[in-house]
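Residue numbers (this note's numbering), protein chains in the order written: chain A, 1 to 224; chain B, 1001 to 1224; chain C, 2001 to 2224; chain D, 3001 to 3224.
If you're looking for bench data, these hints aren't it; they were derived computationally from the structure.
All values reported here derive from a predicted model rather than from experimental measurement.
Yeah, the Cβ is synthetic: ideal placement off N, Cα and C, and Gly gets one too.
A portion of the hints provided could be inaccurate.
Claimed, not checked - In silico DSBU-like cross-links for lysine-lysine, where the CA-CA straight-line distance does not exceed 35 Å:
hint, chain 1, residue 1, chain 2, residue 2
1, D, 3187, C, 2057
2, B, 1169, A, 88
3, A, 98, D, 3098
4, B, 1024, B, 1187
5, A, 187, A, 169
6, B, 1169, C, 2098
7, C, 2057, D, 3214
8, C, 2057, D, 3024
9, D, 3187, A, 88
10, B, 1187, A, 88
11, A, 24, B, 1057
12, D, 3214, C, 2098
13, D, 3214, D, 3187
14, A, 98, D, 3214
15, C, 2214, C, 2088
16, C, 2088, D, 3057
17, C, 2214, B, 1169
18, D, 3187, C, 2088
19, B, 1098, C, 2169
20, B, 1098, A, 98
21, C, 2098, B, 1088
22, C, 2088, B, 1098
23, A, 24, A, 88
24, A, 169, A, 214
25, C, 2098, A, 98
26, A, 24, B, 1187
27, A, 88, B, 1098
28, D, 3098, C, 2088
29, A, 24, B, 1169
30, D, 3098, A, 169
31, A, 98, B, 1187
32, A, 57, B, 1024
33, C, 2057, C, 2169
34, B, 1098, D, 3024
Claimed, not checked - A short list of chain B residues far from chain A (calculated; beta carbon distances all over 10 Å):
hint, residue
35, 1005
36, 1013
37, 1015
38, 1019
39, 1047
40, 1048
There are 4 protein chains.
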Amino acid sequence: MLATPVIVVNYKAYPQATGPAAVKLTEALERVAHRAGASVAVAPGLVDLRHVAEATKLPCLAQHCDPIMPGAGTGHVTVEAIAAAGAKGSLLNHAERKLGLEVTQASVDRLRHVGLWSLVCAGNVAASRAAAALHPDMVAVEPPELIGGTVSVTTADPLIVSAAVRAVKDLAPDVRVLCGAGVKAGKDVRRALELGADGVLLASGVAAVAEPEKALLDLLEGLR
Amino acid sequence: MLATPVIVVNYKAYPQATGPAAVKLTEALERVAHRAGASVAVAPGLVDLRHVAEATKLPCLAQHCDPIMPGAGTGHVTVEAIAAAGAKGSLLNHAERKLGLEVTQASVDRLRHVGLWSLVCAGNVAASRAAAALHPDMVAVEPPELIGGTVSVTTADPLIVSAAVRAVKDLAPDVRVLCGAGVKAGKDVRRALELGADGVLLASGVAAVAEPEKALLDLLEGLR
Amino acid sequence: MLATPVIVVNYKAYPQATGPAAVKLTEALERVAHRAGASVAVAPGLVDLRHVAEATKLPCLAQHCDPIMPGAGTGHVTVEAIAAAGAKGSLLNHAERKLGLEVTQASVDRLRHVGLWSLVCAGNVAASRAAAALHPDMVAVEPPELIGGTVSVTTADPLIVSAAVRAVKDLAPDVRVLCGAGVKAGKDVRRALELGADGVLLASGVAAVAEPEKALLDLLEGLR
Amino acid sequence: MLATPVIVVNYKAYPQATGPAAVKLTEALERVAHRAGASVAVAPGLVDLRHVAEATKLPCLAQHCDPIMPGAGTGHVTVEAIAAAGAKGSLLNHAERKLGLEVTQASVDRLRHVGLWSLVCAGNVAASRAAAALHPDMVAVEPPELIGGTVSVTTADPLIVSAAVRAVKDLAPDVRVLCGAGVKAGKDVRRALELGADGVLLASGVAAVAEPEKALLDLLEGLR
């Protein structure tokens, strides 16, 4: 499993994190993570997944996958396909790619079946609890209204983080809990850990800035 | 544009056409296509797209893409991402990955905007006409009940092919019309062309067989 | 068919147009329409459809229906169900309830099969053309960014109306074209007709105001 | 709350349970339930909901509702709309109308907010546990492959019933657990109760048969 505390960087569909830029960004993040001895994982776009995974030792997560079996599934992404590309796991049910209850459950199970991690996103405490009931490896609580914003969830709504941590751990103590939305600075990461989280999930703060190395360095300060 | 008549091979999520096997399959198809001087395009899975595109001169199509702009779009695939990976275009609205009317329209427009082809699938004549009204580069008519089956659409329902050709060309003469579903042999390809189609879209007949080179060779017979 | 020019009032899920209020609203609109001798149709919520249809002579449209056949279809609404409830037709593919290309096509066909009208919404000219290619009874062009706003499409983007009218009539002269989004006053209706539209589709301007009778009266001024 | 053991009859989109037939069916079921002093609830189609609720004292559930707030929501069904129609609650996430994890959660909360019951369907034990984590009033486990079939889940897969009961009660002891799929006879109901279920959810066995009264009578035998 991912060493915690962990920082997961979601590349979304940012132009600064797509195609050749995705590899360059990853190399920069790896340098910083390596120097700091910190646990950092990246989630590049599906099309860039193999390219990035081949270029880095950082664990790579797919941003999404489908629970269908290999076979007829045009436009779908099997867990086997992301495993073959070098992914160590997958995000599921991100606010920008919501999944059905059964689809999430089946995806968690399919990922485990091929030895990959699952990181299920949830928009609130109740949804985090439901996600935990599926026994994924990680749950990330991200209030949708704060995603992409400038105020960190740890400042805007710290209670949602601590409540999600409690809800998840009560139900499934082994499941790691991340928090996300608006996380951009070392103090946000520190606060997340104080609130009981095992790490953070972030995106634009690192994947869509002019100086990603500096941004990650600042975030890693929060891990000390 | 693709030279016609064209044979488009959809790799779907077949294990024989995923990961390293996708590259090997493509190389085999390229050899056969090159020798025969035939126009063949391939549609590998999203995760394998770049890998395959880098390994071949055959035009590569994505199996799906989303019309969102680069930016926040976790788990989505932009036209910019598939272009950067070397795709020449994308399938849209395949029966296994249906899209909304406006999403299909926006995807056709976004693909054109970045200089990529669009191949819109449609399940019947009326849907083919609607697809043609979006002025994509290609429309592929594929009756869903025949997809993955053993009887070619050209045998089971030849009238749907000729009617779709007429419907599309009446409305948008420049749009190429393919047909698909159950196409597996040279005689199916020949019949498709006789019915007015500009080519065929197929999958399991080439991408999920023990001897894909032989299968493609047989299909190419139909082009003579 | 609906006499044109027509004003279609979409009740959406407005509290002022749900439950008993839906019936009261409809009776008020019927009085005004009757006095003015104008063609007005209403689209109440699915749950209120029968109730409203039983209480009025105004033609009632469902806000949505599914193309599935009667049978197993929990939570789905068949064309047979809305017909039995007294609907004369259905909206399809509204910006708030988008449908797949094939689903829209199948719904248009299913509605026609049981003798009901179809009114397919479309967000732009290209989508209107695709909608027209399905040969529904009506197409309503509504730019999504103007829906629910204070500026009428006829003021904000008159060219989209005239272009949609042309695109639809070129392809299918018998299909009526409505326009919508932000339509609230008689002058908006007048302008819509000048631009070639056969009527308007509106919602909040009548269904979510304190004095719907007055609002409709004002709109009907535009028909003169 | 519903008195248990309970039999919930889902009318789906069966022609024998749509329009005027829905009312007649309900009256027949009410007679039988009344005579037997049994707890029976019905879930008519959305369009028939008010009609049926007005005609019966049996508790009525909607087959589906959306968690959107009253307002702009064309084609969507608010909890306020089904409450105004006389529903006592709603099915959610039926295998034929799957919902997202967050949508299910929001719907459960919205229903509770207006004083209505929620009955969340789930296709297996893990999904039942996730559903229970949302604290709905009821969870119904229904293996999708057995739905509409001739063999009762209680015969084909009794362990899924007992395991779902345990999983739900462990997590949320107050949540009632129903089972469904293929349930057609009194012995199926009896077996469901022996396996720990609080009742059954069924459809075709009562709502699509020639003699629904007789069918329900037989089922009620299982409650003794």
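Here is how each hint holds up against the structure:
1. D:3187 with C:2057: Violated - the C-alpha atoms of residue 2057 of chain C and residue 3187 of chain D are around 50 Å apart, more than 35 Å.
2. B:1169 with A:88: Violated. Residue 1169 of chain B to residue 88 of chain A sits at ~48 Å, over the 35 Å cutoff.
3. A:98 with D:3098: Cα-Cα ~12 Å, so holds.
4. B:1024 with B:1187: holds, 26 Å
5. A:187 with A:169: holds, 24 Å
6. B:1169 with C:2098: holds, 28 Å
7. C:2057 with D:3214: violated, 40 Å
8. C:2057 with D:3024: holds, 26 Å
9. D:3187 with A:88: violated, 48 Å
10. B:1187 with A:88: violated, 45 Å
11. A:24 with B:1057: holds, 26 Å
12. D:3214 with C:2098: With Cα atoms ~42 Å apart, residue 3214 of chain D and residue 2098 of chain C exceed 35 Å; violated.
13. D:3214 with D:3187: Given pair residue 3214 of chain D, residue 3187 of chain D holds - Cα atoms ~15 Å apart, limit 35 Å.
14. A:98 with D:3214: violated, 44 Å
15. C:2214 with C:2088: Within the cut-off at roughly 26 Å; holds.
16. C:2088 with D:3057: holds, 31 Å
17. C:2214 with B:1169: With Cα atoms ~49 Å apart, residue 2214 of chain C and residue 1169 of chain B exceed 35 Å; violated.
18. D:3187 with C:2088: Given that 35 Å is the threshold and the Cα spacing comes to 45 Å, the pair is violated.
19. B:1098 with C:2169: Holds, at about 28 Å.
20. B:1098 with A:98: holds, 17 Å
21. C:2098 with B:1088: holds, 29 Å
22. C:2088 with B:1098: holds, 29 Å
23. A:24 with A:88: holds, 20 Å
24. A:169 with A:214: Given that 35 Å is the threshold and the Cα spacing comes to 33 Å, the pair holds.
25. C:2098 with A:98: holds, 16 Å
26. A:24 with B:1187: Roughly 49 Å between the alpha carbons, so the hint for residue 24 of chain A and residue 1187 of chain B is violated.
27. A:88 with B:1098: holds, 29 Å
28. D:3098 with C:2088: Holds, at about 29 Å.
29. A:24 with B:1169: Outside the cut-off at roughly 46 Å; violated.
30. D:3098 with A:169: holds, 28 Å
31. A:98 with B:1187: Between residue 98 of chain A and residue 1187 of chain B the Cα gap is close to 44 Å, so the pair fails against 35 Å, i.e. violated.
32. A:57 with B:1024: Cα-Cα ~26 Å, so holds.
33. C:2057 with C:2169: Holds, at roughly 30 Å.
34. B:1098 with D:3024: Violated, at roughly 39 Å.
35. 1005: holds, 22 Å
36. 1013: violated, 4 Å
37. 1015: About 4 Å separates residue 1015 of chain B from the closest Cβ of chain A, which leaves it inside 10 Å; violated.
38. 1019: violated, 3 Å
39. 1047: Contrary to the label, residue 1047 of chain B does not stay out of reach of chain A, its closest Cβ about 5 Å off (not over 10 Å).
40. 1048: Not fine: 7 Å to the nearest Cβ puts residue 1048 of chain B too close to chain A.
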